[in-house]
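Colleague: Below are the chains, spelled out letter by letter.
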Amino acid sequence: AQKVTQAQTEISVVEKEDVTLDCVYETRDTTYYLFWYKQPPSGELVFLIRRNSFDEQNEISGRYSWNFQKSTSSFNFTITASQVVDSAVYFCALSEFTTDSWGKLQFGAGTQVVVTP
Amino acid sequence: GAGVSQSPSNKVTEKGKDVELRCDPISGHTALYWYRQSLGQGLEFLIYFQGNSAPDKSGLPSDRFSAERTGGSVSTLTIQRTQQEDSAVYLCASSFGLAGGGLNEQFFGPGTRLTVL
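Just so you know, the protein sequences line up as chains C and B, in that order.
Counting from 2, one number per residue, gives the positions in the first sequence under the working numbering.
Counting from 33, one number per residue, gives the positions in the second sequence under the working numbering.
Next comes chain C alone, as it looks inside the complex (with noise of 0.2 Å):
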């Protein structure tokens, strides 16, 4: 069964929108770790942020932020004022204690964003 469900394929905006990324998860562990990860035309995975299932605090970075919500199971992302170079596939990743790896990480199916100038 599918973990992490990132159910937008594909975001388009114009430069200096705003985007949400959506990403819900699953897991029966009260310990486990969200991740996401950022994929350019490049094709290296790049971290952006970890956030661990106690701490529920919002998170902002610069023009990214982070809003985790165990109540709904979700941990969304929002690029704010999104640029070109923000054009890249974004992908969401569980990590949960009680499995066999503690550590590996389960991903999302990944959302491309696209942003025209």
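Don't read these hints as lab results, they were simulated from the structure.
Fair warning: this is a prediction, and the values are worked out from it, not measured in the lab.
Here a beta-carbon is modelled for each residue, glycine too, at the ideal position from N, C-alpha and C.
Heads up, some of the hints might be wrong.
[To be verified] A few chain C positions that, by computed beta-carbon distances, are all more than 10 Å from chain B:
#	residue
1	16
2	20
3	30
4	38
5	43
6	45
7	46
8	53
9	64
10	72
11	77
12	81
13	87
14	96
15	107
[As the list claims (entries may be wrong)] Looking from chain C toward chain B, a few residues come up when the C-beta cut is under 7 Å (computed):
#	residue
16	34
17	51
18	52
19	55
20	82
21	104
22	108
[Claimed, not checked] Derived, one-sided and incomplete: chain C residues facing chain B with beta-carbon distance under 7 Å:
#	residue
23	4
24	48
25	110
Go by the hints and put chain B onto chain C.
Modeller: Here is chain B on its own, set in the frame of chain C:
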């Protein structure tokens, strides 16, 4: 410092041949992971090495796949008798694992694109 490196960057092989893919993790990282990325399956976990513990091979798709990590550093992923469905980008990642009381983020290499003709 240097990131995760992988070689070769591209590999074209004929069906039935064996291939070896190499990963050099970030120095000091105790955990090393292999994933693969294909159009049909997305990003899939393959195998995980943590320190001197026995590796978790639960993600390997068949017994044609194997991996080793020598001296706690460099890792080699071997695919025997390659099939066309093995065509994918093979990604290696490393991290500090569970050091510091939490799960650390993984840093990914550029990947090896494998094409099986």
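Colleague: Work down the list of hints and note, for each, if the structure agrees.
Modeller: Taking the hints in turn, this is what the structure says about them:
{"no.": "1", "hint": "16", "result": "27 Å, holds"}
{"no.": "2", "hint": "20", "result": "21 Å, holds"}
{"no.": "3", "hint": "30", "result": "12 Å, holds"}
{"no.": "4", "hint": "38", "result": "8 Å, violated"}
{"no.": "5", "hint": "43", "result": "8 Å, violated"}
{"no.": "6", "hint": "45", "result": "5 Å, violated"}
{"no.": "7", "hint": "46", "result": "4 Å, violated"}
{"no.": "8", "hint": "53", "result": "6 Å, violated"}
{"no.": "9", "hint": "64", "result": "20 Å, holds"}
{"no.": "10", "hint": "72", "result": "22 Å, holds"}
{"no.": "11", "hint": "77", "result": "19 Å, holds"}
{"no.": "12", "hint": "81", "result": "23 Å, holds"}
{"no.": "13", "hint": "87", "result": "19 Å, holds"}
{"no.": "14", "hint": "96", "result": "6 Å, violated"}
{"no.": "15", "hint": "107", "result": "7 Å, violated"}
{"no.": "16", "hint": "34", "result": "5 Å, holds"}
{"no.": "17", "hint": "51", "result": "5 Å, holds"}
{"no.": "18", "hint": "52", "result": "10 Å, violated"}
{"no.": "19", "hint": "55", "result": "10 Å, violated"}
{"no.": "20", "hint": "82", "result": "25 Å, violated"}
{"no.": "21", "hint": "104", "result": "6 Å, holds"}
{"no.": "22", "hint": "108", "result": "4 Å, holds"}
{"no.": "23", "hint": "4", "result": "11 Å, violated"}
{"no.": "24", "hint": "48", "result": "5 Å, holds"}
{"no.": "25", "hint": "110", "result": "5 Å, holds"}
Of the numbered hints listed earlier, those contradicted by the structure are 4, 5, 6, 7, 8, 14, 15, 18, 19, 20 and 23.
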